[in-house]
Amino acid sequence: MRMDKSYSQSFEITGNNFFDAGKAATEVKMILKQIGINSDIIRRVAIASYEAEMNVVMYAKRASMTIEISQEKIKIVVDDEGPGIQNIELAMKEGYSTATTEMREMGFGAGMGLPNIKRNADHLKIESEVGKGTKVEFVIELKESARGGSKER
Amino acid sequence: MQDDFRSIKIEKDKCQGRMACLRVCPTQAIRVRHKKATILKDRCIDCGECVRACPNKAILPQTSSFSDFSKFKYTVAIPSPDLYYQFGKDVLPSTILAGLKKIGFDDAHDVACPSEAVSIALQELLDSNNLPRPLISPFCPAIVRLIQVRYPNLLDNLVPIESPMEIAAREAKREKMEELGLKENEIGTIYLTPCPAKTVAIRNPPRKKHSFIDGAIPISEIYPTLLQALTHITPESEQEKQVRGIGLGWPIVGGQASSLKREDCLAIAGLNDVIRIFEEIENGKLKDIRYIECHTCPTACVGGSLNVENPYIARGKVLRLLEKYGSKPCQPREKIRELYQKKYFSLPGKIPASPAEPLDDDIQVAINKMKRKQEVYDLLPKIDCGACGAPTCMTFAEDVVKGNAAADDCVFVAIKKFESISSDLLETILKHSRKVRHNENLS
Chain U
26 MRMDKSYSQS FEITGNNFFD AGKAATEVKM ILKQIGINSD IIRRVAIASY
76 EAEMNVVMYA KRASMTIEIS QEKIKIVVDD EGPGIQNIEL AMKEGYSTAT
126 TEMREMGFGA GMGLPNIKRN ADHLKIESEV GKGTKVEFVI ELKESARGGS
176 KER
Chain E
21 MQDDFRSIKI EKDKCQGRMA CLRVCPTQAI RVRHKKATIL KDRCIDCGEC
71 VRACPNKAIL PQTSSFSDFS KFKYTVAIPS PDLYYQFGKD VLPSTILAGL
121 KKIGFDDAHD VACPSEAVSI ALQELLDSNN LPRPLISPFC PAIVRLIQVR
171 YPNLLDNLVP IESPMEIAAR EAKREKMEEL GLKENEIGTI YLTPCPAKTV
221 AIRNPPRKKH SFIDGAIPIS EIYPTLLQAL THITPESEQE KQVRGIGLGW
271 PIVGGQASSL KREDCLAIAG LNDVIRIFEE IENGKLKDIR YIECHTCPTA
321 CVGGSLNVEN PYIARGKVLR LLEKYGSKPC QPREKIRELY QKKYFSLPGK
371 IPASPAEPLD DDIQVAINKM KRKQEVYDLL PKIDCGACGA PTCMTFAEDV
421 VKGNAAADDC VFVAIKKFES ISSDLLETIL KHSRKVRHNE NLS
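Quick mapping for you: the protein sequence lines, in order, are chains U and E.
Counted from 1, the first sequence has number 96 at position 71 by our numbering; the numbering is strictly sequential.
Counted from 1, the second sequence has number 422 at position 402 by our numbering; the numbering is strictly sequential.
These aren't lab readings, by the way, just hints derived from the structure by calculation.
Be a bit skeptical, because a hint or two may be false.
Unchecked claim - Stretch by stretch, here's where chain U covers chain E in the computed footprint (C-beta under 8 Å, at least three residues):
id: 1; stretch: 170-183
id: 2; stretch: 254-264
id: 3; stretch: 302-313
Glycine residues also receive a C-beta, built at the ideal position from the N, C-alpha and C atoms.
So here's chain E without its partners, still in its complex pose (with noise of 0.2 Å):
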């Protein structure tokens, strides 16, 4: 994996090597190494809960700046469906979309509306047979990573459908180079995103070569200036001009699981509780559950680390709007239906495996690493304290056979080798003192 495709990026001038990323990194993705954290690309998600916990503000997510769509002759946002709950509760997504052009994009395309035609497609996909199960939702970014690192095994079951923001884009500019004869280069799809994770799917999609967005731009960078301009909009008062549809509940948890109707779906958040229910699929169950919805955040994408609003708080929007826009569908079923039919929704390239770096690529090396792993892991004081620079004792091990540390690195194996230095030095201290005193007594 190429260093330009990872999400996030160090400032190394602005780490002072606190440790709180080595502590949150779900993955142990995190070395801190001479005071500088420093990230094992391998082992890496993008989930950004890095970017969310550095106090210094050294981790950054890798997004675009304004000025990078300057070359293009019109500008299209396409704000991920959070945006929409991170104003007062009354400011509706129209309103959002007017303020949005008024900040200088030429035009601004809803994503909601593309979330609910995704629901549409996977009903359709769920009603067919001979499909893995359970399919797994390949809309987080980071769990669709996670995947290739670690259950390379669960690749098949990653649902091959095009993801609503992706949608989005490629209408926008179908829509645009039909209006106004540009070319497709000639308009600039700009994604404003809720996380890090998303800007990877962007530059490196994972199953085709290249995205239909042609940057991102966090939510949270836009925030205060579009925050101003909202206060200049008049609302929208037409009822059918309001954005709706099931697609407004995409960005909480459960928001996808409940678009589609079933009861043999799930929803589950939070990495930790993804992990296990992979470690379970691997095991060969889960095999009555057809669909799962996946979150690599706990709060789904309203508690994404580039959003600004409380995501508990956001939640509670998503759910107000959904009762009052949520059941009116954006656009008729059938035209859904039909475009399905003509795979208008289907994503056919394959995801490739990209498993972290086992001990050694020789089988027989790595067994031998391994026993060596486990004795420098007897050595260690199992408190998984973080002062050597490794987030755990065992992932501390790893780093010793693997040549990247050394073994007194460890402060509790530094203390003990000291101990018995400074014991052997005192008893020769001791035994020469006796000797010369007994040399004094005999003279």
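The shape of chain U in the complex, shown without the other chains (with noise of 0.2 Å):
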């Protein structure tokens, strides 16, 4: 018997592939339609993961993305390996963003990244050290309601 009730699986992210940008945001939610998880908190979760895989796509080296789903809630974790964040308060706000102008006209870089994440999460932790990397992990929880996307058929 296995005691563990959760799912995990990790995706490895490269930085300044903006080829494969928001390939592991899809494989998480892949992951979530075939459990059967609600569209709403699957769009939430896009969001979130998305704005987190693009961040360490603009500026960090390489990552991993760990996405642990259990009947209580959906965990995402992404460790990179980066330049780090210099003020996190700072970056949390609105619009504010270090990108180049390259990136916004690409269309990233709109400052959004974590205000976003953070609007789509239930709860956000960011540790971070300068020169070394970053990890952003939220949570998304699973109240009864939103569980079984398949109750919609």
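Fit the two chains together into the complex; they arrive one by one in their own frames, and the hints show the way.
So, in structure tokens, the structure goes:
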């Protein structure tokens, strides 16, 4: 008998690889759809994990995105190797961004990344060490009503 | 979803399990078990790729036949504009409409003109605010179905506007009721369809109870008879009587988007590209785009699996006809605007979600099955050979945990199992033969 009642899987994200940007978020969505999580929750997880993934693609060298899903909650941890965040409080402000002009022209770096994660998650924790990396961890709770996308059928 | 609402039927007698359908199905909805293909109804989006691929012609679209329409007092053909591009380049739409009357329909009603009206209605709609961004075109029924099955979050992005074929049928019925004093159910409207997906949209329209269309016949089926009839028709010489307007461009990629005359519209064709875009929209991107024209077929409707002409040649004909007759509108814009204000085009009903079956209805059981699925997947060769009857190793692992397949249905798993059994067996044999020889030496 397995004691662990949760499912987890990790995905690698590579910095500066704009071609694959969004792949990890897509994989996460596919897992949630198979488990039958309802579409509202999926939308929140999608937006939050995509923003977290894009932060890695834009600023970091590499990262792993790990999703852990249990009956009670979905937890996503994005642990990167990168420049770190100088001032987390400032980075949490809407519209604040250190993105380059090129990134902005591509439609990224609107300064909505972390605020968007915060808006869509129930809990958000950010740990960062300048020069080493950042760990973003967020949780979306699964209340009774949020389970079973199949009920929509 | 009820069985009879799906667009495709497999004739088991003709199916030899050759797996062509398995490989082309974009939603992994086909399995081949005991040498026969079956369709997983919760995943099928009616795109018709399998119809095209089957080497035995065992997969057929569920369409109507001529005899089904004998119950009507009066019949009107509603040809998809694709029909205009199936014949020689000098055959004009007016000739084709005349040809349809010659082969047995009482009348034929053009759909390019209602397409133009829908383009104008879309222009009006896009000028209003507070709409989801981007809006997604609802005119390819397989796309609507894809959203119901895989992207229920995007249901609100589908434009709530009636399709040109429905408008054409509604108008045809209204006209004939007035003109001939017939009741609505005495007039049969028959769509000439380029693909199986449209037949589902007719039998089970996603936003309303009934379609204005009474049945559908494949373009490919009507083609030979119509082709013959066309040779006996004197082409309409009067310019004024030709079918015209931007609606003529609707069957090709970009036909709708370019008719909207805006920069913030995109046209996307081919299911893989559409899926990529839907993933992005679900992630909260593309908010600066207002409208996306989406097609399942890579060459849009001229590439539908029930057409006859090569889609690229048909596209060339569309462009030529657009150049000649596209710029002159077929109806005054003001009239369409007025109709739009009167909600003539609106389709208020909600489209229900219809997500593909999850691993289990109970979330904890589904999580456990997800883990088991990963374990099964780890045993598989990951070459997606299809020999097990599932299109990929991943879908096979899913079938195993759902109880629809056994792990050793995979030849690679079976060979490993056989190897380990036979090496055990060999060892036992050797052990015993050594023992026998040892005993022989003793005696």
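Results for each hint:
1. Chain U is given as covering the stretch 170-183 of chain E, and this holds because 3 residues of the stretch bring a CB closer than 8 Å to a CB of that chain, at least three being needed.
2. With 0 residues carrying a beta carbon less than 8 Å from a beta carbon of chain U, the stretch 254-264 of chain E misses the three-residue requirement, and the given coverage is violated.
3. For the stretch 302-313 of chain E, the stated coverage by chain U holds: 5 residues have a C-beta nearer than 8 Å to a C-beta of that chain, and at least 3 were required.
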